[in-house]
Amino acid sequence: MIDTFSRHRPLALLATVVLAQVLLLAFQIKRENNVRLIRYWAVELMTPLERAGTWTFSHVGGIWSGYVGLRNTRAENERLRNDVNTLRLRNRELESESAEAHRLETLLNFKEAHMEAPMLPAQVIGASADPTSHTLFINRGERDRVRRNMGVITPDGVVGKIVEVFPSTAQVLLINDKDSGVGALFAASRTHGVVKGSGDPQPHMDYVINEEKLQPGDVIVTSGEDRIFPKDLLIGTVDVAKPGNPFQIIAVQPAARLDRLEDVIVLLSQQELLSKKSEEASDASDVAPAQSAAQPATPPPPKTSGVVTDPNKFKPAAAAPVQSTAPASKTPAPKPRAPQR
Amino acid sequence: MSYMLNVSAHSEPNVEVHKFYGGTIVGTVLLALVFQAFLHKYGRWSELIDLPLLVTIYFGVSRRNPISGLFLGGAIGILQDALSHDNPIGMYGIAKTLVGYLASSVGARIDTEHPLSRFGLIFLFFHFHQAILAVTQRVLLNHSAPFFTLHLFIDSLVTAAFGVVLFALLDRLRRNS
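Going down the list, the protein sequences come from chains A and B. Under this note's numbering, think of the first position of the first sequence as 1, with each following residue one higher. Under this note's numbering, think of the first position of the second sequence as 342, with each following residue one higher.
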């Protein structure tokens with residue numbers, strides 16, 4: 001090496017001197033952005049080296065983390081899976097609790113909106129084992145002042161009525177059970193009928209003459225004639241109406257989700273449920289009778305005479321007393337029943 | 342012409358190395374730089390004749406030592422750069438370093454005493470010098486410096502002719518061996 005250098009010493013010196021002057025030039029010359037050429041070169045020289053170093057380190061690191069560092073991954077993976085399962089379970093519990101809280105909030109709001117009517121919230125704890133029987137059990141019974149023939153509703157609409165009472169539970173007959181019958185009327189025309197179960201998911205409304213003009217979506221409410229439900233509780237809407245002999249065949253879409261009941265309300269009396277708005281309206285009419293007299297409100301549509309219902313069918317249960325066999329117009333207004341103690 | 346290009350390995354030991362009186366080289370170099378600066382006042386004349394280049398070639402081929410040739414060329418070039426106001430230092434330095442080295446190497450191999458030989462050498466070194474300058478300017482400064490033009494050709498002829506005369510004058514400063 002030394003021999004080679006001494007043999008080519010002039011050439012080596014030439015290269016050194018020229019290189020030194022090139023570097024001197026590069027130190028003086030400035031390119032665009034006022035960057036010295038020597039810095040350009042330094043960056044250009046170092047960048048590939050840095051790139052190579054980064055590439056090497058990343059690959060070595062990748063090999064380390066991808067192979068060597070995976071010794072405990074299986075155990076960690078197992079532990080994380082368990083954590084995920086636990087968290088999923090916890091998440092479902094929380095979702096369930098949230099849904100329950102939402103339902104209870106709805107019930108509470110409903111109860112607060114009808115403070116005048118005594119009612120009791122209850123949870124559905126079971127259903128009938130008979131597939132043809134549409135009944136369910138609630139967690140309220142005799143100890144909670146629940147009695148036979150009390151109405152059961154949800155904030156959405158009518159559910160059914162109490163048919164059997166036990167010390168801490170009660171059995172509810174749903175409105176779509178074949179033994180059920182609810183005095184009903186159309187909210188718009190006030191035409192009376194009876195909503196009866198047939199064993200199908202959808203109950204039917206009977207005793208409506210063929211001349212009655214009906215549209216799908218017509219609202220059906222309780223008439224109060226059965227002395228179980230207060231008047232004007234929402235039952236459902238007309239789903240399909242077909243002419244029949246002698247009465248129309250009307251399929252009713254229940255307002256309450258009868259197949260997904262979890263929380264219900266037991267009506268402890270038949271007192272009519274007045275919404276706050278209607279109460280305020282009545283208060284206003286009392287305060288300003290003069291105005292009412294000057295501009296009488298539109299009279300309610302005339303009630304058609306109540307349809308005579310089959311008493312046996314209308315009875316919620318064989319042991320239940322016959323509710324009404326007279327037309328609604330002749331039936332005295334149902335008095336609120338005090339809860340039986 | 343035949344002896345001008347008498348390149349031979351056998352001729353190298355017989356080549357005479359010329360020596361100068363003390364201070365001759367330094368004085369000549371400084372004078373060349375001063376005259377070049379003086380010529381710069383006259384514009385075109387400074388481009389026509391490159392006195393530092395001629396001095397570099399002369400002392401290179403006379404001393405016939407590549408190491409001293411490249412250092413002398415480098416020093417002259419850097420001084421020339423330093424005296425010019427717009428050249429970055431090293432521009433002429435690189436070119437004259439290479440010229441000094443080559444002149445010394447060539448001077449050790451061929452006869453450089455004949456006027457025609459000197460004319461040819463100066464002509465070639467002029468264009469070599471210009472080529473190095475052009476490359477340096479293109480690569481480092483991003484300037485489009487020309488490698489060859491008619492003006493450069495004329496300049497090289499004038500410089501070579503002037504160099505033959507100057508070399509004859511400088512021969513008188515040699516110390517008799």
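Honestly, I wouldn't trust all of these hints.
Per label pair, the in silico range of CB-to-CB distance [claimed, not checked]:
1) A:R9 x B:G364: 23 to 33 Å
2) B:S425 x A:E44: 20 to 30 Å
3) A:T54 x B:S425: 23 to 33 Å
Pulled a few chain B residues facing chain A out of the computed Cβ check, cut under 10 Å [claimed, not checked]:
4) G410
5) L411
6) F412
7) I430
8) G434
9) I435
10) L439
11) S446
12) V447
13) L482
14) A486
15) P487
Residues from chain A that keep clear of chain B, each with C-beta distances beyond 12 Å, as calculated [what the hints assert, rightly or not]:
16) L89
17) T135
18) E164
19) A241
These are calculated hints, taken from the structure and not from any lab test. Where is the CB? At the ideal position from N, CA and C, for every residue including glycine.
Hint check results:
1. A:R9 x B:G364: 23 to 33 Å: Between R9 (chain A) and G364 (chain B), where Cβ atoms are some 27 Å apart, the hint holds.
2. B:S425 x A:E44: 20 to 30 Å: The hint (20 to 30 Å, Cβ to Cβ) holds, given that S425 (chain B) and E44 (chain A) are roughly 29 Å apart.
3. A:T54 x B:S425: 23 to 33 Å: Distance hint for T54 (chain A), S425 (chain B) is violated at roughly 44 Å.
4. G410: With Cβ-Cβ at 9 Å, under 10 Å, it holds.
5. L411: This hint holds: L411 (chain B) lies near chain A, its Cβ roughly 5 Å from the closest one there, short of 10 Å.
6. F412: With a minimum Cβ separation of about 7 Å from chain A (threshold 10 Å), the hint on F412 (chain B) holds.
7. I430: holds, 6 Å
8. G434: The hint holds - G434 (chain B) has a Cβ within 10 Å of chain A, the shortest such distance being about 5 Å.
9. I435: The hint holds - I435 (chain B) has a Cβ within 10 Å of chain A, the shortest such distance being about 5 Å.
10. L439: This interface hint holds because 7 Å falls under the 10 Å limit.
11. S446: holds, 8 Å
12. V447: Violated, about 13 Å.
13. L482: This hint holds: L482 (chain B) lies near chain A, its Cβ roughly 6 Å from the closest one there, short of 10 Å.
14. A486: violated, 14 Å
15. P487: violated, 20 Å
16. L89: It holds; L89 (chain A) is separated from chain B by about 70 Å at its closest Cβ, greater than 12 Å.
17. T135: holds, 96 Å
18. E164: About 102 Å separates E164 (chain A) from the closest Cβ of chain B, which puts it past 12 Å; holds.
19. A241: holds, 92 Å
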